[in-house]
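Each chain is listed here by its residues.
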Amino acid sequence: MKIDSKTVQDVAHLARLEFEAEGEQKIINDMNRMLGFVEKLNELNTDGIEPLIYMTEETNHLREDVVHPPLSHKEVLQNAPKHDSDYFKVPKVVEKK
Amino acid sequence: MVKEYSSLADVQNDLRAGAITAVDLTRSYVERIENNKNLNVFLEVFTDSALAKAEEVDAKIKSGTAGKLAGMVIALKDNICYRGHKVSASSRILENFVSPYSSTVVERLLQEDAIIIGRTNCDEFAMGSSNENSAYGNVLNSLDHKRVPGGSSGGSAVAVAANLCLAALGTDTGGSIRQPASFCGVVGLKPTYGRVSRWGIIAYASSFDQVGPLTHNVADAAAILEVISGVDEFDGTLATQPVPAYSQQLQAPQKKRFAYLRDCLEKDGLDPEIKNRLLQLMERLRAEGHVVEPVEFPYLDYLVPTYYVLTTAEASSNLARFDGIRYGYRSANATDLESTYKKSRSEGFGAEVKRRIMLGTFVLSAGYYDAYYSKGQKVRRLLRNKTEEILSSYDFILLPTTPGTAFEFGANSADPIKMYLEDIFTVQANLTGVPAISVPAGKASNGMPFGVQLMSANFTEPALLAMSAHVQDICEKL
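If you read the protein sequences in the order shown, they are chains G and U. The working numbering applies: residue -7 is where the first sequence begins, and numbers increase by one. The working numbering applies: residue 89 is where the second sequence begins, and numbers increase by one.
Take these hints with a grain of salt, some might be off.
The calculated BS3-like cross-link candidates involving lysine-lysine, where the alpha carbons are at most 30 Å apart (straight line), are [said to hold, decoys possible]:
| no. | chain 1 | residue 1 | chain 2 | residue 2 |
| --- | --- | --- | --- | --- |
| 1 | U | K474 | G | K32 |
| 2 | G | K(-6) | U | K506 |
| 3 | U | K234 | G | K18 |
| 4 | G | K(-2) | U | K506 |
| 5 | G | K32 | U | K355 |
| 6 | U | K174 | G | K74 |
| 7 | G | K18 | U | K506 |
| 8 | U | K174 | G | K66 |
| 9 | U | K363 | G | K32 |
Hints are computed from structural coordinates only; laboratory data are not their basis.
This is chain G alone, in the form it adopts within the complex (with noise of 0.2 Å):
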């Protein structure tokens, strides 16, 4: 697999996050480095082998559905860059024609 600059901005797209001239040639190339090393792992035969998905034996801790006190808005917002005293704030999603 050969990561182009189409791909790169297809992906970067899905992870929200930008590339530009300088930039995108250097993620272009740390991709394809990166790739060819993980690619290592095609010469490994892994017919009829289950992934690997949980690393714990347990299953569903089940528990009593109690209310807990939540934490307050103020504490909610004390960490967003914009809010007021309700609501986060964000930039505008939907214009007037």
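Chain G is already provided as a structure; the job is to place chain U on it using the hints.
What follows is chain U alone, placed relative to chain G:
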């Protein structure tokens, strides 16, 4: 003037005897941190809350109600949440973030009267092996300022090595506790996956991450593990089995069976001085009546590639939460919602974090998922099966912690792959979930320390800790 301590037992003896107070002890550490600011270890010293806790500890000692860790002055890696205190994962994107809640490990430390002294510098979002990826500058190795402390818990390792605190917590995703412990000459433990709660830890790769201690000795690591382990309703991956009294089970071990991976010792790039020390250690263990045998592990060169496929995938998912809306950095250059996400993330994250998010997003994307991500998960099962097979006939796997001693700043910066291979001996424990510990094994002729590593089967920390204490003793006498 308070003397320098290197064990909790000594601290507690002097506290109980009235030779020192917790307040004076805490002040002495604050002063040492101040005098060693050039090392860039602490991003913030929690002087007020630490002194308040120390006063409480002094009162409890007088009334005989002090907890197990009373007087342990401990630092937190900057990815462990502590209510009302800043935590940044050493990233610009969380520069002014104040945690509205405490991680379970912090709650448990405080319950047992540990004194939390501050937060330590690390690689951004715990991604790195040299601490050169912090947004807040390099941490210097206190033994040689030209050299890296290792990473990602580099600040925590130097904090202990330079006596800026008695102990520190780190997190270990691929070696981030053990590798800096090796580079700085301290003990570093990664517990079994599912032993310690991840609630309140800023996630990197959730099926790999574990919190663990960095200490001067194994006994202190055992004392901390005993306090931070065990079920927590906020982390469903935790094991339900009871937590043993690790600190009471450190007696010299009976005859045990050690395996070493033949390929590890023959690996190109393994420092011959480290190899020789391992061979000497094996000889001593055999002389004591332990069995030490080579085993085949045909996957050594597949460990780091598997690690990078899976951890970058998990990171790309975990780090999606940093969107510039609810908390963290928001770019002033954004014009609409999409550019708010993109510009905030692009300006807020550093280069290595973006590299890993990109690779992770790619391996998870439609069309490539099976070839990369799913393949990685299948190889992970092969690795775990083989590791479990070895550990069903041996008590321990003995291996180097790192291929070499601490390298100089910039030595691996130009080549991400070269940097990734620094973790070749440590990622196996995270890929397979087993516990692993690095204890100081000696010093190379360049004056820098290095560690030796032991791995054991899941949840066999009592045997692992007892044997590693013994191994540290042997190495000190070699």
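Given the proposed pairing of K18 (chain G) with K506 (chain U), does the C-alpha separation stay at or below 30 Å? Distance of about 17 Å is within 30 Å: holds.
Given the hint that K474 (chain U) pairs with K32 (chain G), does the C-alpha gap stay at or below 30 Å? The given pair, whose Cα atoms are some 19 Å apart, holds under the 30 Å limit.
For the pair supplied as a hint, K32 (chain G) and K355 (chain U), confirm whether the alpha-carbon distance does not exceed 30 Å. holds, 17 Å
Are the Cα positions of K174 (chain U) and K66 (chain G) separated by 30 Å at most? holds, 16 Å
Next pair to validate is K234 (chain U) with K18 (chain G); report whether the Cα-Cα distance is within 30 Å. Between K234 (chain U) and K18 (chain G) the Cα gap is close to 28 Å, so the pair holds against 30 Å.
Hint check: K(-2) (chain G) vs K506 (chain U), CA-CA at most 30 Å. Holds or violated? holds, 27 Å
For K174 (chain U) and K74 (chain G), compute the direct alpha-carbon distance and say whether it is at most 30 Å. holds, 19 Å
Holds or violated: K(-6) (chain G) with K506 (chain U), Cα cutoff 30 Å? holds, 21 Å
30 Å Cα cutoff - pair K363 (chain U), K32 (chain G): holds, 27 Å
Comparing the model with each numbered hint stated earlier shows that all of them hold.
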